[in-house]
Amino acid sequence: MTTESKSVVNQELILAARKGLVPVRESARLGGFGNMFRKELGQWWGTRTWWVQTLIWVLILNGISTIVALTEARLPGELLVEVAQTFLPMTVGAVAIGTVIAAQGAIVGEKQLGTAAWVMSKPASRAAFILAKILAHALGVWVTAIIIPSIIFVITVRMLVPAPLALIPFLAGMAIAALAQLFYLTLTLMLGTFTNSRGPIAGIGIGFIMTGLLLKGFIPSQVLIVTPWPLTDVAAGLALGTGLPSIWPVPVLATAFWVVVMTSLALWRFGREEF
Amino acid sequence: MNTSNGHVIDTQELTKTYKGVNALQGLSLKVPRNSIYGFLGPNGAGKSTTIKMLLGLTRPTAGKALLFGKDITHESLAVRRRVGYLAQDPRYYEHMTARETLRYTAHFFYSGPKDLIEARLEEMLGLVGLEDKADRPIKGFSGGERQRLGIAQAQVNYPDLLILDEPAASLDPMGRHDVLEVMERLRKYTTIFYSTHILEDVQRVSDRVAILNRGRLVAEAPTQELLSGNGAGSVYNLTIQGDATHAQSRLEGQAWVHSLSAILKDGLTHWQVSVNDEAAAEDQMLYLILEDRNLRVKSFGRKTHNLEEVFLNLVGEEKSK
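Chains as they are written, first to last, in my numbering: chain P, 673 to 947; chain V, 40 to 360.
Isolated chain P, as found in the complex (with noise of 0.2 Å):
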């Protein structure tokens, strides 16, 4: 064969091939999407982040919580209220934590790497990135950190605790307490955004969750409920039914509100990102 026919050929296989590709179709707001999201949650749950990330909140939320069952001698109603409390305010301070802790690179790695401007030359949208991460992260979050210990709380209570654990309002605590990770992993991508350099990101969001632990009691109350700060005593209050703020509503709604203005701000900072 001559590299003229040759060259011929290879072009037809070329055309052929082309024509039975099926072109992604997404809108340009969204574009990437789907391909950015996957590849996102494979670095979650295709690599050994996640039963790393499992393990070590299993061991620290479970482990205390049990620990607090099998050494507290006191009535089933009050040890149930103690192993709960022990449990429910670290699924939202030390997850929090956790939660800027894994986040902080997520983005300004990619801006550092070169990553984003290479993902950024394809058919993505800056909106699609940010959402994929936000999105990905939230879930990795949220079931290594909240969901397999909270399964393996309810167990751990059914078998060491006499009192029984009232499953709807523990899951309504659960949902306040995925609402709180949802806060901090948004400000940690925002932040992202922003700055180029992990540092900021790290001291400004565990510098949020410390004032909140430690500060709490210092703050006005009109600027406490706008904050996510209250929903360790609001996750606490709905799961066991007692020693609920009045006003529980508020910080939830607010914290709702934050991650929409925050992640907003993320779009619009990432959108006007110069690689």
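Honestly, the hints are just simulated from the structure, not real lab data.
Wrong hints could be hidden among the right ones.
[As the list claims (entries may be wrong)] Computed, partial: chain P to chain V, Cβ under 8 Å:
{"id": "1", "residue": "Asn707"}
{"id": "2", "residue": "Lys794"}
{"id": "3", "residue": "Ala796"}
Where a beta carbon is used, it is the ideal one built from N, C-alpha and C, also for glycine.
Position chain V against the provided structure of chain P, taking the given hints into account.
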């Protein structure tokens, strides 16, 4: 192909300013379809800035650019569907293998069928000679292997335009040869717009060349035209046997002769005649010389420059401004 008057790239006064510094000033270029277009310039000339603007990675401060007749700012995603891009320093997810990287790239363009996508990946791996390393993580790849992978991922979508930023910069001579060969092979399917500082490569494969210096376009022409003087006046070399004194006087008296330098060597007179009217020169020059019956023209031809000479002249002129 939907193009802007047959041009795949059409930039109009494209300008980019970073914090008051002009990285690119009023660039107007038209890149014809199926051409290999060399984009030359020293470091910091604005080549990568231009490429990044074409891809929507950075926004123009002023001016506009159309790719396939579509605006790069407002229709960037549609533009990028038809473009393949290789960055100057290509970066990929280190944990992925070459095949996974190509698959990830392909899924930005195609949703299926799986077997055809996999076949395309295999074809691309073969094209750049990475079949045996296809399933190894990229973190162990050499610079040359990354560059090969870069070429493969840039072509996975059968692009109508291939934009390559310094594609051969980090390759050894063999790798460079391979890249140039791939580019020549792809000419019939696509338009290639590539930046480089390797003048020899440009001279070898490019149809057209643009030279950029300090953010400004200093020359733009078909490569052959640029090498033969780019309209700024042509130079002819002649070797004459015999006493050429009178012929020289006759020639110097012509309006179309800009200058004439003569060197006597080994009994022959070597002339370099710079003219401002090629047609007149080619029509009359030999007649004027051969009026002297004792003269013999041993050689006659238009002087061709090499690109390095042209480049250094143009960039040098800009520096002295």
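Hints, one by one, checked against the model:
A distance limit of 8 Å between C-beta atoms decides the matter here; for asparagine 707(P) the minimum to chain V is near 4 Å, and the interface restraint holds. Below 8 Å, beta-carbon pairs count as interface contacts, and lysine 794(P) has one with chain V at about 4 Å; its hint therefore holds. Using the Cβ-Cβ criterion of 8 Å, the hint placing alanine 796(P) at the interface with chain V is satisfied: the shortest such distance is roughly 6 Å.
Going down the numbered hints, you'll see the structure goes against none, and every one checks out.
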